[in-house]
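Trainee: Okay, here's what each chain looks like letter by letter:
There are 2 protein chains.
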Amino acid sequence: MSIETKNIIVEKVKTSKIDQVDFDNLAFGSVFTDHMVVCTFKNGEWETPTIMPYQPITLDPSSKIFHYGQSIFEGMKAYKDKDNDIYLFRPLDNFKRLNISAERMCIPQIPEEYFMNSLTTLLQLDKEFIPTKEGSSLYIRPFMFASGNGFHASPANEYKFIIACAPSGAYFSGKVKVLIEEKYSRSANGGVGFAKTGGNYAGQFYPTQLAVAKGYNQVIWTDDSTHEFIEEAGAMNIFIRINDTLITGPTSDRILDGITRKSILEIAKDQGIKTEVRKITVKEVIEAAENGSLKEMFGAGTAAVISPISSFGFRETDYDLPEIENSFNQRLKKIITDIQYNKSEDKFGWRYKVKV
Amino acid sequence: MSIETKNIIVEKVKTSKIDQVDFDNLAFGSVFTDHMVVCTFKNGEWETPTIMPYQPITLDPSSKIFHYGQSIFEGMKAYKDKDNDIYLFRPLDNFKRLNISAERMCIPQIPEEYFMNSLTTLLQLDKEFIPTKEGSSLYIRPFMFASGNGFHASPANEYKFIIACAPSGAYFSGKVKVLIEEKYSRSANGGVGFAKTGGNYAGQFYPTQLAVAKGYNQVIWTDDSTHEFIEEAGAMNIFIRINDTLITGPTSDRILDGITRKSILEIAKDQGIKTEVRKITVKEVIEAAENGSLKEMFGAGTAAVISPISSFGFRETDYDLPEIENSFNQRLKKIITDIQYNKSEDKFGWRYKVKV
Ligand SMILES: Cc1ncc(COP(=O)(O)O)c(C=O)c1O
Ligand SMILES: Cc1ncc(COP(=O)(O)O)c(C=O)c1O
Chain Y
10 MSIETKNIIV EKVKTSKIDQ VDFDNLAFGS VFTDHMVVCT FKNGEWETPT
60 IMPYQPITLD PSSKIFHYGQ SIFEGMKAYK DKDNDIYLFR PLDNFKRLNI
110 SAERMCIPQI PEEYFMNSLT TLLQLDKEFI PTKEGSSLYI RPFMFASGNG
160 FHASPANEYK FIIACAPSGA YFSGKVKVLI EEKYSRSANG GVGFAKTGGN
210 YAGQFYPTQL AVAKGYNQVI WTDDSTHEFI EEAGAMNIFI RINDTLITGP
260 TSDRILDGIT RKSILEIAKD QGIKTEVRKI TVKEVIEAAE NGSLKEMFGA
310 GTAAVISPIS SFGFRETDYD LPEIENSFNQ RLKKIITDIQ YNKSEDKFGW
360 RYKVKV
Chain W
10 MSIETKNIIV EKVKTSKIDQ VDFDNLAFGS VFTDHMVVCT FKNGEWETPT
60 IMPYQPITLD PSSKIFHYGQ SIFEGMKAYK DKDNDIYLFR PLDNFKRLNI
110 SAERMCIPQI PEEYFMNSLT TLLQLDKEFI PTKEGSSLYI RPFMFASGNG
160 FHASPANEYK FIIACAPSGA YFSGKVKVLI EEKYSRSANG GVGFAKTGGN
210 YAGQFYPTQL AVAKGYNQVI WTDDSTHEFI EEAGAMNIFI RINDTLITGP
260 TSDRILDGIT RKSILEIAKD QGIKTEVRKI TVKEVIEAAE NGSLKEMFGA
310 GTAAVISPIS SFGFRETDYD LPEIENSFNQ RLKKIITDIQ YNKSEDKFGW
360 RYKVKV
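Taken in order, these protein sequences are the chains called Y and W. Numbering follows the working numbering, with no gaps: position 130 of the first sequence is 139. Numbering follows the working numbering, with no gaps: position 179 of the second sequence is 188.
Since the hints were made in silico from the structure, they are not lab data. Careful, some of the hints might be misleading.
Pairs involving identical chains hold if they fit within one copy or between any two copies, as the list cannot separate such chains.
Lysine-lysine pairs mimicking DSS-like chemistry, simulated, CA-CA at most 30 angstroms apart [stated by the list, open to error]:
(1) K352 with K278
(2) K304 with K356
(3) K223 with K51
(4) K223 with K105
(5) K192 with K105
(6) K51 with K142
(7) K192 with K26
(8) K292 with K192
(9) K91 with K192
(10) K304 with K283
(11) K288 with K192
(12) K292 with K26
(13) K292 with K362
Can you build the whole structure from these sequences, using the hints too?
Mentor: See below:
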């Protein structure tokens, strides 16, 4: 049976699979909720979004997603507080960034109403899947891809917008060791690095595997022209603390404009921490490591939250970053997660309560 | 009923759809043959390839192809001569390049035997679909993508290798006008430009659409660091004739190592045409256009064959390239297509006869 609410068609599952979820041992993004949102773009317009049981997608072998990489996504989380109320964090920023990615990848933009209504309706239906354990949350994956057919290398005429959700634990298990990369690059000037598009991630796998083979978890990318400047990591923006100043690189067409990054910048300022948004050279980071002024490095992203970096490699040398007391990363992580889980006041107006 | 031959499982269609193909009005890559090859990588190995009726593919919404762009492809053609014998052109070079792309994109390499046996068996089955009309051929699309599941941004554990075929006409209809691009870029130093991976194509759509809106067909990419050097076009390498010298840029990690490109270089040398493989600046092309020494520009690729460029735009100016008598592009196109369609001797050993 399907019911139409707020311009959404809802087809519920007959039996929930929630009993199969081991909430005490959640990996990242590998078990899914009962339902998903599917919305099709066809004949020049988005059809009515449908919420349906989580199920396989069927595509022609000539669908452009298989050939020309026309795909974009977002990463969000839903959090539950002690009263079982549900919150999102700055969801309209994800919505806006999805459409920025869409424009660059020639994918039709999705209307705000379709995005927000279908997302919140999905969360109402699948709310039991939102973990309550500390450090866990419901990872939300809105994505769009070319479902139209044909081998001509040009934009498709049909697209799918889908939202799927996975109750998830931490993205990194344990300490994060990174390698500053000088040979491979993530993105080009005038390229698609600022868009959350599939190809940006596939391109990182090989250099990341080389780094993993040497004992690192992630690569820190540098600019592809000179490799002199620190850009970002695989799935997080990078912050560097030199003495008492917190520095992060400026965004550009090569770097994802992270929502965690900009939130951390605001929180830090509010906390009276001196911040700088400016180009950071590899050279100054090495020098700071050598003269003792490099105090902390951490990654910031929705999946990774705030992940302190315990050491970084450059050329043949590893530089350790011992844990320090009253670190910026612990302080900032507590403030941002307290806002996300509704454990503190929300002075920035970032929390978004989902009506249930 | 399925039969196993040469380590291939073959499931034939019950009724062919060949009657639905209008061989006199073939577009590029939009109608498909009766069968396709599907081979699955699972538990660390490639399973036996299966030839089955052309049919939809079913994937979990968390399949990594939708999220992280792990996909690669090749473009080949099958040609029929007047005796209805079937030929491929340097197919092992496509096979090798597919595996070069695979390595960069962290996709498992496919064994030569699987590639060649399943391809030739497919062509035997679908041989009636190979067009005989001048300028038409069977476009062959081998491709591989991540079919494994999960939202973690890391390589998948399952992949599909598929070959689908489309009887096709010309890729470009009419004259080709190109725009030399100075803002957007196709690929980064240390990136994936040399791999035939989906993301390289999706990233081109937006700048190409801007160029199309100004009346051009394709973009000619320049390097992303300085935009001073000519690289390649959307789906073809670029040749420039200045006076009587034929010039093309060197391949690099930003440029696809085209099979047509390297064949044209060999044919030209054999024809006594002076060739140069060296960096070409936009500046020298403009100067050559202005002083009259720029005689021809053309693109070279499997889909585009040899496509003469009738004019190019740079900044606000268009430069025309009037057709000339005894052009290199016409001469070289005749030689390469005569080899491909078995109309001439094959002194380079490039033709590959498919046993039927
Ligand atoms: C490449 C990249 N950089 C940075 C981030 C962090 O962005 P956000 O804080 O919006 O999640 C992400 C996504 O999580 C990413 O994929
Ligand atoms: C980006 C790009 N450059 C050049 C070419 C030409 O390569 P080939 O001659 O091997 O078809 C292609 C593919 O056709 C291509 O996609």
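Trainee: Regarding K304 and K283, is the shortest C-alpha distance of 30 angstroms or less found within a copy, between copies, in both, or in neither?
Mentor: For K304 and K283, the Cα distance is within 30 angstroms only inside one copy (14 angstroms; across copies 60 angstroms).
Trainee: Checking an output row: K51 and K142, CA cutoff 30 angstroms. Within, between, both or neither?
Mentor: neither (41 angstroms within a copy, 34 angstroms between copies)
Trainee: Using 30 angstroms as the alpha carbon limit, work out where K304 and K356 are close: within a copy, between copies, both or neither.
Mentor: within (28 angstroms within a copy, 67 angstroms between copies)
Trainee: What label fits K292 with K192 when the C-alpha limit is 30 angstroms: within, between, both, or neither?
Mentor: both (16 angstroms within a copy, 29 angstroms between copies)
Trainee: Is it within, between, both or neither when you check K91 against K192 at 30 angstroms Cα-Cα?
Mentor: Close neither inside one copy (48 angstroms) nor across copies (51 angstroms); limit 30 angstroms.
Trainee: At most 30 angstroms between C-alpha atoms: does K192 with K105 qualify within a copy, between copies, both, or neither?
Mentor: between (33 angstroms within a copy, 23 angstroms between copies)
Trainee: How do K352 and K278 come out at 30 angstroms by Cα distance, when the copy is not named: within, between, both, or neither?
Mentor: within (21 angstroms within a copy, 74 angstroms between copies)
Trainee: How do K288 and K192 come out at 30 angstroms by Cα distance, when the copy is not named: within, between, both, or neither?
Mentor: both (19 angstroms within a copy, 21 angstroms between copies)
Trainee: With 30 angstroms as the alpha-carbon cut-off, assign the pair K223 and K51 to within, between, both or neither.
Mentor: between (47 angstroms within a copy, 26 angstroms between copies)
Trainee: 30 angstroms Cα cut-off: does K292 pair with K362 within a copy, between copies, both or neither?
Mentor: So K292 and K362 fail the 30 angstroms test inside a copy (44 angstroms) and across (57 angstroms) alike.
Trainee: Taking 30 angstroms as the upper bound on the Cα-Cα distance, should K223 and K105 be classified as within, between, both, or neither?
Mentor: Close across copies (28 angstroms), not inside one copy (38 angstroms); limit 30 angstroms.
Trainee: My question is about K192 and K26: at a cut-off of 30 angstroms on alpha-carbon distance, are they close within one copy, between copies, both, or neither?
Mentor: neither (46 angstroms within a copy, 50 angstroms between copies)
Consistency note: the structure conflicts with the earlier hints numbered 6, 7, 9, 12 and 13.
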